[in-house]
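> The primary structure of each chain is shown beneath.
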Amino acid sequence: MEISVVRDVLEESKAIAQANRDIFDRHQVFVVNIMSSPGSGKTSILSRTIPILQNQGLNCAVIEGDITSTLDSERLQPLGIQIVQANTEPFGGDCHIGSHLVKAALEYLDLSQIHFLFIENIGNLVCPAEFYLGEDCKAVVLSITEGEDKPLKYPLMFRECQICMVSKIDLLPYLDFDLSLLEANLQKVNGQIEVVFNSAKTGEGMSTWVDWLLRKRNNHKGVA
Amino acid sequence: MHELYIAESILALTVKLLPPGADRNAVRRLEVEVGQLDAVVPENLHFLFNAVKGSFGMPQAELLIGIEEVSCQCLDCEHIFTIDLPIFICPACQSGRIDVLQGRGIRLIKIITED
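Respectively, the protein sequence lines represent chains A and B. Counting with this note's numbering, you get residues 1 to 224 for the letters of the first sequence. Counting with this note's numbering, you get residues 1 to 115 for the letters of the second sequence.
Don't read these hints as lab results, they were simulated from the structure. Keep in mind that the hints are not guaranteed to be accurate.
Listed next, the in silico DSSO-like pairs over lysine-lysine satisfying Cα-Cα at most 30 Å (straight line) [to be verified]: (1) B:Lys16 to A:Lys103; (2) A:Lys14 to B:Lys110; (3) A:Lys216 to B:Lys110; (4) B:Lys16 to B:Lys110; (5) A:Lys216 to A:Lys14; (6) A:Lys216 to A:Lys201; (7) A:Lys153 to A:Lys188; (8) A:Lys153 to A:Lys216; (9) A:Lys188 to A:Lys216.
Covered stretches of chain A (in silico footprint by chain B; criterion: 3 or more residues with CB under 8 Å from a CB of chain B, positions within the stretch not fixed) [what the hints assert, rightly or not]: (10) 2-13; (11) 47-57; (12) 152-162; (13) 189-199.
The model shown is predicted, which means the values in this text are computed figures rather than measured ones. All residues carry an ideal CB built from backbone N, CA and C; glycine is no exception.
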C-alpha cells in the first residue's frame, strides 16, 4: 500500500511555535530570537539594550537558553526583569532552543507586563536557524573576532535573520578585519538583511539597534 | 544539523499518519524530500534513522531521501533561477533582493507498506 502524504516533518514543532505566536500576539509582546556562535556578545548586548528600552518605559523579559548553567541569567538579574532559564540538558543536550521549551518558559512569565521578550538562543550558528519559536524576528550577532567569512559558511543563519549585529567593534583597531568584505559577504547571502555595528562595551551603535527594534515593533504590532 | 531529531520526527509523523490499527512492522519505505538549505547530511540521516526505527516499531522501514534544489526569484526583475552554492544574487540583474521559492523544509512524501 502506498500512502501519499506531503507533510512537514517538523509540523509538530511549528504548531507549538504558532501557538506561542498566538499568545504573544494576544499580549502584544514583540519577540526577538537572538542567535550567534558562543561568545559573540548576545548577553552583553542584552545587558545594554534592556536599560535603554526601560528608560523609554518599555518592559522587557528574557528567556535565557543554554545547554547548562544559569550564568547568563545571573548576569542579567541586576536589570530587575523577568528571566526564565531554559536549559536543554545538564550534561550536553540539544544544540538549539525548541518551540516546546519556549512554551514551557511562558508558564513562568507574566506577559501582560511585557513589551519586549528576548529569546537568547544557544550559542550555535547552525541549528537555531532551523527552528521557528514563534518570534517576530530573528537577529544574529557576529563579532568581528569571528572573521568576515561567516555569512558564506553559515548561509541559513544569515538568510533567516532580518538583522545582523556586528559586535565588538571597539576591537577594530587591534584586528585586520575588513568591514566592507563582511558587508559584501552578507549581501551575497541575504541582500535584505539589515546590518548594524555596535559595541556592548562602549555603547557605540546600541541606539541604532534599539531604534530598529522600536521600528520593527511599531510595524508589526501597530503600537506606539 | 541534528539528523537524529529529524529521523525521530519522520518516524513519529509516520505513526501519526498510519491508518488506525495499521501494523507498523509492515512499513517498508518512507520517502522524504529535504531542502538543500536545511543542510541535512543524508548519510547521517540514514544512519540515525536505521538506529531508531526499531524503537518506533518499524524495523524493516527503509528511508529514501530526495534533495530539493534551491530555487529563487529576484524581487527586482522577477527572474527565477536555481543555485548550486549559497550565493543569493540574481544572475540577471545582480540584485541581492531574493526570495527563496523552494529548497527549504523537510517533508514526508510517501509511506509504503507491505499490505
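> Evaluate each hint against the coordinates.
Cross-check of the supplied hints:
no., hint, in the structure
1, B:Lys16 to A:Lys103, "holds, 22 Å"
2, A:Lys14 to B:Lys110, "holds, 21 Å"
3, A:Lys216 to B:Lys110, "violated, 40 Å"
4, B:Lys16 to B:Lys110, "holds, 13 Å"
5, A:Lys216 to A:Lys14, "holds, 23 Å"
6, A:Lys216 to A:Lys201, "holds, 25 Å"
7, A:Lys153 to A:Lys188, "holds, 12 Å"
8, A:Lys153 to A:Lys216, "holds, 28 Å"
9, A:Lys188 to A:Lys216, "holds, 24 Å"
10, 2-13, "holds (count 12)"
11, 47-57, "violated (count 0)"
12, 152-162, "holds (count 4)"
13, 189-199, "holds (count 4)"
Hint compliance for this structure: hints 3 and 11 are broken, all remaining hints hold.
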